[in-house]
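Novice: With the hints as extra help, turn the sequences into a complete structure.
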Amino acid sequence: MVDPIYLIVIALATAFALGLFRKAPSLLPYGLTLAALAVMTVISGSWAYGILSGSLEGTDIFTAGFTPPVSINLYMGSLEAVLLLLVNLTALMTALVLRKEVKDTSVYMLMLLLVFVMGLNGVIMTRDLFNLFVFIEIVSIASAGLIALRSNLEQLGAGFKFVIAGALTSGFMLIGIIFTYYTTGSLNMDVIASQMSPALAATGYTGLFLIFIGMIMELKPFPVNGWGLDTYEASVPAVSALVAAGTTSAMFYAFLKTSYMSGGLFVQAAAVIGGMTFIGMNVLALQQDKSRRLLGYSSIAQIGLAVLAYALVALYRIENGEFIVFALILTHALAKALLFWLAGIVGKDSIHDWGVIKKKMILIAPFAVAVSALLGLPPFPSFFAKWDLVMGLAARGGMVWIILILSGSLLEAVYLMRWFGNAFKDSFNEEDTLDWRFGTVLPVFFNMTVLLALGYLSASQSSFSMGFNWILLGAVAVLMVLDFLPGIIKNLLLMGAIGYYGYGFVMAAESYRSVFAWIFALGALITLLPGFGVKGKRMGFYPSAALMFAGLIGLIEAVDFMGFFLSWEIMTLGSYFLILRGKDSKPHALSYMLFSLGGAYLLMTGFAMTYAGTGSIALGALVKAAIIPHSGIIFALLAVGFMTKMASAGLHIWLPGAHAEAETDVSPMVSGILLKAGVFGLLMTAISMGEQSIGPVSLPYVLSWVAVITALVANYMAAMQEDAKRLLAYSSIGQMGYALFGISLMSHLGWLSALVISIVHFIYKVTLFLAIGSVAKRTGTRNMYQMGGLITKMPFTFFSVLICIIALSGIPPLAGFSGKWIVYNAVLEKRWMLQGAVAGAAGIIAFLYLFRLIFAIFLGQLKDNHRKVKEAPFFLILPQALLLGLVMFFSFLPGSLLRPVGEILEEFTTAGALEWQGNMAISDYGYWNGVAVMWVFMALFAVFFLILTINGRRAQWIKQFNIVFAAERPARPETTHFSYNFFAPVRKALGFLEYPFTTNFWNRVSDFLHAVAGFCRRIYTGNGQTYLLQMVIFVVLSYMLTKGGF
Amino acid sequence: MDGFSYNKILFAALTIFFTINYGLILQGIIGKIYARVGRRIGIRLFQPYFNIIRQWATRSAISHGVMYYLGPVFRFTGGAGILIFTPLILDAPLFNSFTYAGDVVLVSYFIFLGTLGMALGGGEAGHPYSAIAVTRGLAQTAAFEISLMLAIYSIAVQYNTISITEIIRAQQGGVLNWTLFTNPIATAAAMLAFLGSMMRSPFDVVLAPQEIPVGPPTEYQSQFLAMLMTNRTIFPVAKTVLYVNLFFGGVALYDSYLLTFVVFFLKTFFVYLWSVFVGVSFPRFRVDQSIRFFIKWPLLIGVIAVVAANIRY
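Protein chains in written order, with this note's numbering: chain Z, 6 to 1051; chain Y, 42 to 354.
Note that these hints are calculated values from the structure, not bench results.
The structure presented is a predicted model; accordingly, all values stated were derived computationally and were not measured.
Treat each hint with caution, since some may be false.
Stated by the list, open to error - Computed beta-carbon distance windows for the label pairs:
#: 1; chain 1: Z; residue 1: F433; chain 2: Y; residue 2: R333; range: 47 to 55 Å
#: 2; chain 1: Z; residue 1: V969; chain 2: Y; residue 2: R81; range: 24 to 32 Å
#: 3; chain 1: Z; residue 1: W921; chain 2: Y; residue 2: F302; range: 34 to 42 Å
Here a beta-carbon is modelled for each residue, glycine too, at the ideal position from N, C-alpha and C.
Specialist: As structure tokens, then:
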């Protein structure tokens, strides 16, 4: 094996050799640099492989043939090897990207680059304090040079501030090293660490502190990091990539080494500083719209998180700590380098100009991967690291830190997702170009692949996992790779995969899981059908849909918290990408993502607390969690988490926009199917944990009121919409309110109603969204007042909507009534009549919007510009027809639905279960024979129809507009169709319900955070002197706080 | 089908026939009362018979489309359905033909079937007034149904059942066993809601029958209108019977058929008359006013009824 010392030798030698060339660079020095970096990569790679595979062991390298303390020694262990590989590889890629810059500047750039990389290698490997100092100095000087290379004023300034701040930092460090040498008599970190004792820590405190604070300052902690931010912004993006990935990782590792050396003397301070940095930088980034500065903020925040993670691992003795810390660092380095390179390709600094990235749609993939990885979404290493960290913290009582970490992550999601959304949705100038070259593109895709591979590898590293079904994600990956195929083929593949896998999946699902398994699998197949009608490749659609369905399937299959949570996040991610595809869905997709993430973090906390209380990571532990302390809080966390997905009142503001703006066949997916994931989760919680309370407050009781208010207000809001899809979206909120109400009843009948509503809502909401979607497609508008009279043009769609609104409103004899009837009985059983009455009132308000929907679109007068509208295309009708068949089946035989579902629930509670006598369902209070009702209806209908037809066979059929009203013939259909502000009197009486309490509340939260960010940003004056002063104050304050005085 | 026998079809037909006749006579009487209050002579007692026969016999008819055509069918199906799902006279097989199909929840939701069908039918006719009336009607219905629902919840708790037959049975054995006396608050809430559902003043802006007739029936003529009018005769009776059953002891089967029918007529007539009394005495509300009315007092009474029932039973 090659001696690691050659890493330094090669870099140094090549850098010197480059001096022999002329200043204007030619291909040769560039090639030489690439070769040197490649060799270094290979050396570190072979070490990494050797050590990780166990064929090599960590080795000390002694320089000059002496052992410490006489000589300087380096160390090559597994961590070093991995970090070196990372740094050298990033450097190699950066060199590739820099091809054009090298041409434009001089050979000095290559020299600086090599020296810089050499410094980083040294920082990582050295075990000698002074040597560390020297390497850090080399790194600072080289990076200052690299920053200033473009030599405009801004960069020179940034470089200069960087040098000055670096000098101050090294000053502190140097003094610290001197003090430490004075007290310990050694410069070797291992020697000092072995000597470390409380007495030594006391006498050598100041020295150790100065080293610590120097190292911390190298990591640019909040708020004393203005100089560091400027460097990210000012330098060439490729160099920033190397700084973000290489320097931060190396410096972080150096920080770890010095921290081990001092025996973890300052972990508490590190935790505070790390936490402050993580939150502070993420808040500040909210106001930022320059992409590179944004990335700078994010980098510093991520390092803050890593420092925090390290400190917490040490403080709370969390197992698997090395994995946690290094997964965070590696993910950050890879993702951040990727994003900086991407910034180089895009060449636009403002995040509002990133729309140009769509010139090469394929670049969206690495962008999405990097953003997801930074946010700690699955399946990336950071996800598993965060999971382990949170689990470990919960088990050791670190709840405060969990809250801090998760809130920071949420803030981070705000600006990263906003940026991504902008890039995906914003229009761009056709003249703008991308820097699309082999050298720039290869690194981006390379890092993307590495991130995905590392994600797969790190899943097995988590100590709180019982394994995950990777087949699902594998299928997604295959679709991603095959994205160049025509849409129809991908659709066939996806449907085939879901059909093939889904059969076994549905059969294997047990208990109430099987109900949701049916909804998810059948729903997937049916909602994918319209895809056949879409021409072209539909890039990105099928992988996203697959991702969402993989998540949904994973939810059902999950056996442990991790599997559940991972699937939950995957589902969210997939649906986010799907929603984002809608035409005007940018802000709605963002709020969907943020609410989902917020909800998910609550779930994570709830799961972590369950683990802490029960010591089990299996989902079944929720049953045990019913009797542990804080069980009420766990229930509340999980309930609110799931209710975010169900869009209960207060957490609903994302839904109307997201569902309405989504594409025609995406709306039914997210509305008809995805919402049921929330129902599933909440039902699981309710069944497992039973009735919980916080203090004297019964949680199901609170839920019941939230539920009925959700139903009431959402149904009212639906009635007030002019946009047909928004109407349906509000209707979904209302329906999920009923489901929530059913769950909150905590009884057999209540849960039965929740399940039945989930099933029938799936059926009719998918149908309605498809029907209304096809109307919107044909007429080119979603505003109902612009439609009218379409019954003659789209008769099938009308029929479909008619059946669905009867079913949705719960009018017998169709299937929707069963849910209503069960709820009545359940309410009486529970004696929650007030809530029941509100729910009932909501049900009647539902008639308002349902009538409006069908009347305004299909009845009344046809508009002149719609005279040539055609019936919906076949592939939109087919799924509707299938679902209508299902509605009719359940309507004719309601027992076929209620009986099996009821039997499932009898496993949990039999009290109040329905008794069946033939087709008659008997409850404790009443009875209902759905079959008899259906036959009576049909018989009466047939008889009266015959009477009318025999009697009225002479009827003259006339055209739509052949009418007279107010004793005149109306001139134009537009003035004759009553639709706009349909329920004006209701609005006059109940308009107060429309006051946007929730929206205003969340807007204020957002405004507040942005205002805080705007205010705090003032510390970054851009003045180097101010920065220095801030640093000195910071050091003094830290010293006082860690030591408790002077 | 369980509980089904073929003679039930005959019974159901007879029930409908009986009610149509009763409804027509009732319409005549009420029309007469209305006129006399206004110091007019009014229609002949059997005028409703002539009206309906005339409409059925009209030769020319116009249809605006399929939904328009089916509207009256839906409407009549809804009306007749409620009638045969509701026990008219306790334990009389003739008047209990299909009561086994469901309880009070079924009946109260089945009401909407006809309303919806008619609204859709009228909608296809393409006149804006029809839709305006429907919006008014729906809005008002949503408002008064809440207090009715609360009242029904209250007596459901009181009698521990939502089966109409069982509720009637629980009220037998004397006038003081009626819900009117055992649960007056719930009865009050329900009777206020009753006013809203009867399309009479002060809640008749839905149809505004006197000056600008609006609403789906206005769009219809000839046998379509005839079918709606036929429904109009049975529908108020069916609703009134429901209220009699729930709050006024229902109608038991006495030894003497005559007595049974007399009790039936008296109870339904007087309950029906309640809406007439109020109707002739009060001027009309606008829709937003009637919504505000219903979400104030009737709602409050309903809430009290439920809370009281919850405490007492």
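Novice: For each hint given before, does the structure comply? Return the numbers of the non-compliant ones in rising order.
Specialist: No hint contradicted; all consistent.
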